[in-house]
Amino acid sequence: MRLVITLLLILLTSLTLLSTVVAKQTVNLTTTVHDNDVVHYRVAVLANYGVAKSIARWQPLMDYLTAIVPSASFEVVPLDFTNMNQQLINGQVQFVVTNPGHYFNMSGDFPISWLATMKSDKHGGNTFAIGATIIVRQDSPLKSIEDLAGHTAVASDPNALGGYQAAMGLIHSMNYPTDNFFDKVTFLGFPLEPLIYQVRDNTADIAITPFCTFEQMVEQGYIKAENYRVINDITPDGYDCAVSTPLYPNWSFASSDDVPLKVRTNITRALFAISESDPISVIGQNRGWAAPISQFQVMKLYKALDLHLEKEPLYLQIWQWIKLNQKWGFGFIGFFMFATMYHVWLEYRFMKKSENLLATERQLKTKALQLERLQSAAILGEIGAGLAHELNQPIAAITQYSEGGMLEQAKHYGEDSVQYKLLGKILRQSNRAGEIVHRIRTLLQRKDTQSTDFDVCEQISLCIELLAHDFETNKIEVTSKFHCSELKLKGDKVGFCQVLINILKNAIDALTDTSCAQLISKQILIDLRVVNGHLQLKFYDNGIGLSCANEDFKSTFFTTKPNGLGLGLAICKDVIMQFGGDLDLSTCAEDPDAPTTSGCRVLIDIPVSIPEISYLSDPKYI
Numbered sequence: 001m002r003l004v005i006t007l008l009l010i011l012l013t014s015l016t017l018l019s020t021v022v023a024k025q026t027v028n029l030t031t032t033v034h035d036n037d038v039v040h041y042r043v044a045v046l047a048n049y050g051v052a053k054s055i056a057r058w059q060p061l062m063d064y065l066t067a068i069v070p071s072a073s074f075e076v077v078p079l080d081f082t083n084m085n086q087q088l089i090n091g092q093v094q095f096v097v098t099n100p101g102h103y104f105n106m107s108g109d110f111p112i113s114w115l116a117t118m119k120s121d122k123h124g125g126n127t128f129a130i131g132a133t134i135i136v137r138q139d140s141p142l143k144s145i146e147d148l149a150g151h152t153a154v155a156s157d158p159n160a161l162g163g164y165q166a167a168m169g170l171i172h173s174m175n176y177p178t179d180n181f182f183d184k185v186t187f188l189g190f191p192l193e194p195l196i197y198q199v200r201d202n203t204a205d206i207a208i209t210p211f212c213t214f215e216q217m218v219e220q221g222y223i224k225a226e227n228y229r230v231i232n233d234i235t236p237d238g239y240d241c242a243v244s245t246p247l248y249p250n251w252s253f254a255s256s257d258d259v260p261l262k263v264r265t266n267i268t269r270a271l272f273a274i275s276e277s278d279p280i281s282v283i284g285q286n287r288g289w290a291a292p293i294s295q296f297q298v299m300k301l302y303k304a305l306d307l308h309l310e311k312e313p314l315y316l317q318i319w320q321w322i323k324l325n326q327k328w329g330f331g332f333i334g335f336f337m338f339a340t341m342y343h344v345w346l347e348y349r350f351m352k353k354s355e356n357l358l359a360t361e362r363q364l365k366t367k368a369l370q371l372e373r374l375q376s377a378a379i380l381g382e383i384g385a386g387l388a389h390e391l392n393q394p395i396a397a398i399t400q401y402s403e404g405g406m407l408e409q410a411k412h413y414g415e416d417s418v419q420y421k422l423l424g425k426i427l428r429q430s431n432r433a434g435e436i437v438h439r440i441r442t443l444l445q446r447k448d449t450q451s452t453d454f455d456v457c458e459q460i461s462l463c464i465e466l467l468a469h470d471f472e473t474n475k476i477e478v479t480s481k482f483h484c485s486e487l488k489l490k491g492d493k494v495g496f497c498q499v500l501i502n503i504l505k506n507a508i509d510a511l512t513d514t515s516c517a518q519l520i521s522k523q524i525l526i527d528l529r530v531v532n533g534h535l536q537l538k539f540y541d542n543g544i545g546l547s548c549a550n551e552d553f554k555s556t557f558f559t560t561k562p563n564g565l566g567l568g569l570a571i572c573k574d575v576i577m578q579f580g581g582d583l584d585l586s587t588c589a590e591d592p593d594a595p596t597t598s599g600c601r602v603l604i605d606i607p608v609s610i611p612e613i614s615y616l617s618d619p620k621y622i
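Residue 619 in this note's numbering sits at position 619 of the sequence shown, with consecutive numbering throughout.
In case anyone wonders, no lab produced these hints; they're calculated from the structure.
Mixed in with the good hints there might be a few duds.
[Said to hold, decoys possible] The list that follows gives simulated cross-link-like pairs (lysine-lysine, DSSO-like), each with its CA atoms no further than 27 Å apart:
(1) LYS493 x LYS425
(2) LYS425 x LYS488
(3) LYS475 x LYS505
(4) LYS573 x LYS365
(5) LYS425 x LYS353
(6) LYS475 x LYS488
(7) LYS573 x LYS481
(8) LYS538 x LYS505
(9) LYS303 x LYS184
(10) LYS538 x LYS490
(11) LYS475 x LYS411
(12) LYS490 x LYS573
(13) LYS421 x LYS353
(14) LYS488 x LYS505
(15) LYS367 x LYS353
(16) LYS411 x LYS425
(17) LYS493 x LYS481
(18) LYS411 x LYS488
(19) LYS425 x LYS365
(20) LYS475 x LYS425
(21) LYS505 x LYS493
(22) LYS573 x LYS367
(23) LYS365 x LYS353
(24) LYS224 x LYS122
(25) LYS300 x LYS184
(26) LYS365 x LYS488
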């Protein structure tokens, strides 16, 4: 619920901000009011020759309109094509002075009206004064339009009617492909002088310039006419500048339809009243203004080049539609934002539900595995209880027979005879077997094991002695390295011996694996030391090592042996935990103290009491 409320607050805040922005833009669009009710208008003009020159050319006209049109003031704003479109749509400018091609593009995206067409200051004041001049160096091998194919060109802007678009219309009319006619076209923007400089410096082969740009640069002393040549010169009679393409209507003065009709009417009258000799016309490089000229030739050109599809960026079209249809626009924005946030909220809820389902599924799998292990443990417990019960009698018989045999041997041959010693070993092992069976029965009956004090070194030596035959048979060299003596532990002595026997048997199995048949020397190292109050008993072998993770080996019923039950290390871990310690397995490569990089290392770590330990000056080797 809190999330929904938060999303609604975000939605309301966004709508408030958007309303503020549109209100501000609406004020700008309709004009900015100053003192004495004078409305200030901004007039955008194409900055062909830079901002400073554009202001110097057009500001006198703005001052004239300020003086003639009642309750209005005007300001010139030099812009390029893109910025002019954006500022017109955003309401930052209310009038534009531009070429008819640009006007044609804008009229499809925003309601504007053409008030007047400018008469050229040359060519007898003709209103057809927009075209392109294609210029190359005088020493260039290019002579005709056909020769231009595959060469590099520069132009001001892809949307410039008096330049690139007029040139493309000419090329299209001559049945040449316009998509890849030039090898490369670079658009330099405004001002226009660098276009011819690129040809002068051999940076480009061809310059596509607006009509009369070349002559103006010659007149101002920027270039010399004899160094350049015009391609496809089709200058009409009575015209003062060379041109390569058909001519189109001159620049127009256009108004946004949001400007009051009375203001537009007054501006049109004021423009028509300017004579060709007026200083405003001289500075503005024109001979006054005429009624709007038909756009038929421009539309034919755009249709031929399929330029009618050239639209403003999508975001500008959307913003324009919103401003013109504020009620529906903000309703759509609000619905879209609410739907988006609701979708995000649903995605969040779905993700949380999915996570809960996955967690529940994992718990069910874990419970099923635990149940399976408990069932296996119960079955094994029943088997173990039966075996322990049945083994008690033969073990007791072996004990009695060995004791009786020892008495007879002592009576007739003495206690030093070989038979007496063998029977003594049998007695000790039968007693040990009885203790193991007793321990199993105690474990199954959930009784506490008997704790006794025992010497760790002694138990290690005993286990090595018990497995001496296996070591000798498999040619395994066993080395014991004791850094302390008289190390006493209190706890389950039989269980501790079981742990040692199990670890040593696993080491024997690892060293006798078929993959270790090529080993020159099979070795087991037993390292005993006390570190920071902890007994650390390490078993190293250079066998096959570990094939699974440490914790997997200590899991119940997990085994890598073909005939194993997977109980050995699990029981060993439980026994060591009764001493308050831990059992850890790793590869020898992970232990910096290991004598070899291959094989396995088993670590028994048990906390001990320091006073019970006697340290050796030198390690004891067995």
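Verification of the supplied hints:
no.: 1; hint: LYS493 x LYS425; verdict: holds (19 Å)
no.: 2; hint: LYS425 x LYS488; verdict: holds (25 Å)
no.: 3; hint: LYS475 x LYS505; verdict: holds (14 Å)
no.: 4; hint: LYS573 x LYS365; verdict: holds (24 Å)
no.: 5; hint: LYS425 x LYS353; verdict: violated (67 Å)
no.: 6; hint: LYS475 x LYS488; verdict: violated (32 Å)
no.: 7; hint: LYS573 x LYS481; verdict: holds (23 Å)
no.: 8; hint: LYS538 x LYS505; verdict: holds (15 Å)
no.: 9; hint: LYS303 x LYS184; verdict: holds (24 Å)
no.: 10; hint: LYS538 x LYS490; verdict: holds (19 Å)
no.: 11; hint: LYS475 x LYS411; verdict: violated (40 Å)
no.: 12; hint: LYS490 x LYS573; verdict: holds (17 Å)
no.: 13; hint: LYS421 x LYS353; verdict: violated (73 Å)
no.: 14; hint: LYS488 x LYS505; verdict: holds (24 Å)
no.: 15; hint: LYS367 x LYS353; verdict: holds (21 Å)
no.: 16; hint: LYS411 x LYS425; verdict: holds (18 Å)
no.: 17; hint: LYS493 x LYS481; verdict: holds (21 Å)
no.: 18; hint: LYS411 x LYS488; verdict: violated (38 Å)
no.: 19; hint: LYS425 x LYS365; verdict: violated (50 Å)
no.: 20; hint: LYS475 x LYS425; verdict: holds (24 Å)
no.: 21; hint: LYS505 x LYS493; verdict: holds (18 Å)
no.: 22; hint: LYS573 x LYS367; verdict: holds (22 Å)
no.: 23; hint: LYS365 x LYS353; verdict: holds (18 Å)
no.: 24; hint: LYS224 x LYS122; verdict: holds (21 Å)
no.: 25; hint: LYS300 x LYS184; verdict: holds (26 Å)
no.: 26; hint: LYS365 x LYS488; verdict: violated (44 Å)
Taken one by one, the earlier hints fail for this structure at numbers 5, 6, 11, 13, 18, 19, 26, listed in ascending order.
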